[in-house]
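Chain order of the listed sequences is A and B. Here the first sequence stands for residues 1 to 476, numbered as in full-length UniProt numbering. Here the second sequence stands for residues 1 to 476, numbered as in full-length UniProt numbering.
No lab work stands behind these hints: they were computed from the structure. From the three backbone atoms N, C-alpha and C, an ideal C-beta is built for every residue, glycine too. Please note that the accuracy of each hint is not assured.
[What the hints assert, rightly or not] Keeping only pairs whose Cα atoms sit at most 25 angstroms apart, straight-line, the calculated DMTMM-like set for lysine to aspartate or glutamate is:
hint, chain 1, residue 1, chain 2, residue 2
1, B, K433, A, E215
2, B, K315, B, D384
3, B, K433, A, E78
4, A, K238, B, D403
5, A, K411, B, D206
6, A, K315, A, D176
7, B, K411, A, E385
8, B, K468, A, E78
9, B, K291, B, D403
10, A, K468, B, D211
11, A, K178, B, D449
12, B, K188, B, D206
13, A, K315, A, E385
14, B, K315, A, D449
15, A, K135, A, E78
16, B, K411, A, D415
17, B, K468, A, D254
18, B, K238, A, E437
19, A, K411, B, D415
20, B, K248, B, D223
21, B, K433, A, D206
22, B, K411, A, E227
23, B, K90, B, E125
24, A, K315, B, E125
25, A, K468, B, E227
26, A, K468, B, D176
27, A, K411, B, D223
28, A, K433, B, D206
29, B, K468, A, E227
30, B, K468, A, D384
31, A, K315, A, D415
32, A, K135, A, D254
33, A, K433, B, D211
34, B, K134, B, E227
35, A, K468, B, D254
36, B, K178, A, D449
[Claimed, not checked] Part of the chain B face toward chain A, derived, beta carbon under 8 angstroms:
hint, residue
37, Y70
38, L129
39, L175
40, D176
There are 2 protein chains.
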Amino acid sequence: MCQGDDPNCADFETHRQAWRSALSAERRAFLKSGFAATSGAAALATTGISLVSPALAQSSAARTMGQPGYYHLPANAETVHWGYFSRSLKPRVTVASGDFVTIETLTHQASDDAERMIQGDPGAESVYLWTREKKGVMRRGAGPGDGGGLGVHICTGPVAVEGAEPGDVLEVRILDVKPRPCANPAFKGLCFGSNAAANWGFQYRDLITGDRPREVVTIYEMDAGGERNWARAVYNFKWVPVTDPTGKVHATIDYPGLPVDHSRTTRNWNVLRNVRVPIRPHFGTMGLAPKEAEYVNSIPPSYTGGNIDNWRIGKGATMYYPVAVEGALLSVGDPHASQGDSELCGTAIECSLTGTFQLILHKQADLGGTALASLQFPMIETQDEWLMSGFSYPNYLAELGPDAQREIFAKSSLDLAMRDAFRKMRAFLMNAKGLTEDEAISLMSVAVDFGITQVVDGNWGVHAVIRKNVFAGATV
Amino acid sequence: MCQGDDPNCADFETHRQAWRSALSAERRAFLKSGFAATSGAAALATTGISLVSPALAQSSAARTMGQPGYYHLPANAETVHWGYFSRSLKPRVTVASGDFVTIETLTHQASDDAERMIQGDPGAESVYLWTREKKGVMRRGAGPGDGGGLGVHICTGPVAVEGAEPGDVLEVRILDVKPRPCANPAFKGLCFGSNAAANWGFQYRDLITGDRPREVVTIYEMDAGGERNWARAVYNFKWVPVTDPTGKVHATIDYPGLPVDHSRTTRNWNVLRNVRVPIRPHFGTMGLAPKEAEYVNSIPPSYTGGNIDNWRIGKGATMYYPVAVEGALLSVGDPHASQGDSELCGTAIECSLTGTFQLILHKQADLGGTALASLQFPMIETQDEWLMSGFSYPNYLAELGPDAQREIFAKSSLDLAMRDAFRKMRAFLMNAKGLTEDEAISLMSVAVDFGITQVVDGNWGVHAVIRKNVFAGATV
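So that you can see chain A by itself, here it is in the shape it has in the complex (with noise of 0.2 angstroms):
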């Protein structure tokens, strides 16, 4: 049921209403129970159910006294920047701090089968438009130019968040995240996701059988009303050259939005037959955009978060983001139906989604002796868990310096990204929990568990992950 939050609904006006005065409410009723000063506060903080503590709390909704607002950011041809963060963009919409957006965002890989992912939906459509004339969205990539493909996701945004300025943290809570229907009719209450087997895949120079090497996609289905917790795969096929508008070939998936032509692909009907592959839907890119560049390769991740590519990163998560440029100037794309710690092909299931978040800004002033002081990287917090995002090079742009955004293709380590993700967790367990380094240590060994993020964007990622009930007993 509509909560205010569906504007297809017939009642959305009506439900929109109720639910911001709901919201006025509870949010007037917390302001005044004056929580913060008792001791019920103090326990609470140290409870450890959020990383915001009551006083912080109080003190980032004393900061915006008004109403909250919502927004509904759509995808399209003007909405979205194609494989890059800039601190450069104009904000497609600005917000206050505790406002609610929902953001729709398409995956990068949707024209390997226009007919299931394009056709219908004029989002999609005035995104992808590739004629020998005209481009929908020029610039893919962080090049010069067209972009040269150095950087691959459609994101939508940046939303800007007032008052919002460097050494802020910005916290991104996901509501909820809901599949695009295929627009197409033939399709009817499906939605579709492509995964590909790319040339940056872990697999791709490691083959035993058939051509090598060789890119494959498999098309997967999900049925759009969200009754079935599973994906199937529909078909696969090899890569075979496409030729752009412009003519150009292209012998492997070298450039973002390339359209495929299944008149010239051999499509195999009989895949992962009997597979289910469970579903977790999440968005692989969201983040703030860095100070350090003026444009920004989307695929390695960084301090201001990005493609972290971390299947947690969905329904009931918050994410918590250091703010690098005026306006925070969050970005969201790269939607997944479902990936595996590793992301080990090069790509998951690559689907359109939409997402309704909150945002709300916490100003330096206010972190002090908070768990997010001095927070110098994304933090990702679930219902039961807090996650420490390992980097092979947390802030590679500062560290590789001004050819950063080629080396780091280079660089990368799994044993750099362990090395980060330690050093991360530590630090979280002695600034925001309050442990000596020893207790730290011998905590991370018996319970932390340590996971392979990813392995193919550029810049490696291992979590740590510590689960709240770890520290439960101090209520009791």
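Fit chain B to the supplied structure of chain A, relying on the hints for placement.
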């Protein structure tokens, strides 16, 4: 209640008789059912509930028609070997395929707090006995003479399996895991474990506070009755040089079983207050004797298992090992109350445990066409998952030449272990699940999670996890 598995029960013999009769009846019923010949068997074989198809189960069972036996292998100076595997060890017990065996295991870190982990326990006292004149277990490690500490784990066994030959597969079902209660009346009802942040830990050269480098040992407490599913820290202490009974001073933890004298340490009793570590009892080291060398350091895991250090190897899990030598020669040790993926600081909560196992031999001649055909590495199966254990060097003894046992400690990386885990999971999906390489690679990217098993055992580990329900579609 005693199910015929508790020798301390007053009615143990009666219970054991009843239990053996029941088992025997079950087995007879199974063999008589001729289930393997029905189409039901074929269906079960493809649903993938177990790696052992009904046909293979019947073939393996048919080879041992007798009533299964039950054995109890205590842990004492006569039944353990310390710090190494060896193809030359005399079996402590010889069992037939299908037999059950309860194996007591002792942690090799018990002398960090003899009062809590050794005193009053005749088995532990006999193993740890070390005076100027006498050592309960002389050799500790794979080196010459006293073993040199080249290997640290107290392993109970080996258990020989009748008829096991190279090329066979030994299935080891972990039916039960119980803590070994503290035998010191001062700590009745409790059991204890030790976590050493040691010189081989990932943190050792990367500390940010206090004396650097340093080793720190944290003692954890669990309840022996299993009422609590968490451990708590009791105290920690910084390692101070330990003088062993021969007069040799050990500035670091460089030999197993060093008797810590707590009149010389400073114990901090106020550590990890209110922190609850979820327990995951498991065996860090379990595996078969390799064929490549006479004495093999127990620290690096390899193709016959050994020190895999994956916390999923606990109650309910099943291991499949390739048999490398006559009799298989299974040994079990390195018991852990809990460990996080990575075993970051060098050890887990090292805590004596007792396991009950069923051992089933699958002969090479019966393996053709099954999921276990040509198994060349240890495979883990849990209730819901199959796991492949990747190592930096899958068989380092064969790969790294005559100095393999030294070289392995200088050559490991997570990148290599990730490569191996990828290849093993690909092989599993292709061979055991009948997928093409392209199907396997796509599925790995969207549904397989890669995690970091350990970064402290010389031969570093990455595991790949596939959930069984991915294949559940086959039955509907």
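Hint-by-hint comparison with the structure:
no.: 1; hint: K433/B / E215/A; result: 22 angstroms, holds
no.: 2; hint: K315/B / D384/B; result: 13 angstroms, holds
no.: 3; hint: K433/B / E78/A; result: 46 angstroms, violated
no.: 4; hint: K238/A / D403/B; result: 44 angstroms, violated
no.: 5; hint: K411/A / D206/B; result: 21 angstroms, holds
no.: 6; hint: K315/A / D176/A; result: 5 angstroms, holds
no.: 7; hint: K411/B / E385/A; result: 33 angstroms, violated
no.: 8; hint: K468/B / E78/A; result: 44 angstroms, violated
no.: 9; hint: K291/B / D403/B; result: 16 angstroms, holds
no.: 10; hint: K468/A / D211/B; result: 30 angstroms, violated
no.: 11; hint: K178/A / D449/B; result: 23 angstroms, holds
no.: 12; hint: K188/B / D206/B; result: 39 angstroms, violated
no.: 13; hint: K315/A / E385/A; result: 14 angstroms, holds
no.: 14; hint: K315/B / D449/A; result: 19 angstroms, holds
no.: 15; hint: K135/A / E78/A; result: 12 angstroms, holds
no.: 16; hint: K411/B / D415/A; result: 12 angstroms, holds
no.: 17; hint: K468/B / D254/A; result: 35 angstroms, violated
no.: 18; hint: K238/B / E437/A; result: 12 angstroms, holds
no.: 19; hint: K411/A / D415/B; result: 12 angstroms, holds
no.: 20; hint: K248/B / D223/B; result: 36 angstroms, violated
no.: 21; hint: K433/B / D206/A; result: 20 angstroms, holds
no.: 22; hint: K411/B / E227/A; result: 49 angstroms, violated
no.: 23; hint: K90/B / E125/B; result: 22 angstroms, holds
no.: 24; hint: K315/A / E125/B; result: 54 angstroms, violated
no.: 25; hint: K468/A / E227/B; result: 21 angstroms, holds
no.: 26; hint: K468/A / D176/B; result: 28 angstroms, violated
no.: 27; hint: K411/A / D223/B; result: 48 angstroms, violated
no.: 28; hint: K433/A / D206/B; result: 20 angstroms, holds
no.: 29; hint: K468/B / E227/A; result: 21 angstroms, holds
no.: 30; hint: K468/B / D384/A; result: 24 angstroms, holds
no.: 31; hint: K315/A / D415/A; result: 30 angstroms, violated
no.: 32; hint: K135/A / D254/A; result: 17 angstroms, holds
no.: 33; hint: K433/A / D211/B; result: 22 angstroms, holds
no.: 34; hint: K134/B / E227/B; result: 40 angstroms, violated
no.: 35; hint: K468/A / D254/B; result: 35 angstroms, violated
no.: 36; hint: K178/B / D449/A; result: 23 angstroms, holds
no.: 37; hint: Y70; result: 33 angstroms, violated
no.: 38; hint: L129; result: 29 angstroms, violated
no.: 39; hint: L175; result: 25 angstroms, violated
no.: 40; hint: D176; result: 22 angstroms, violated
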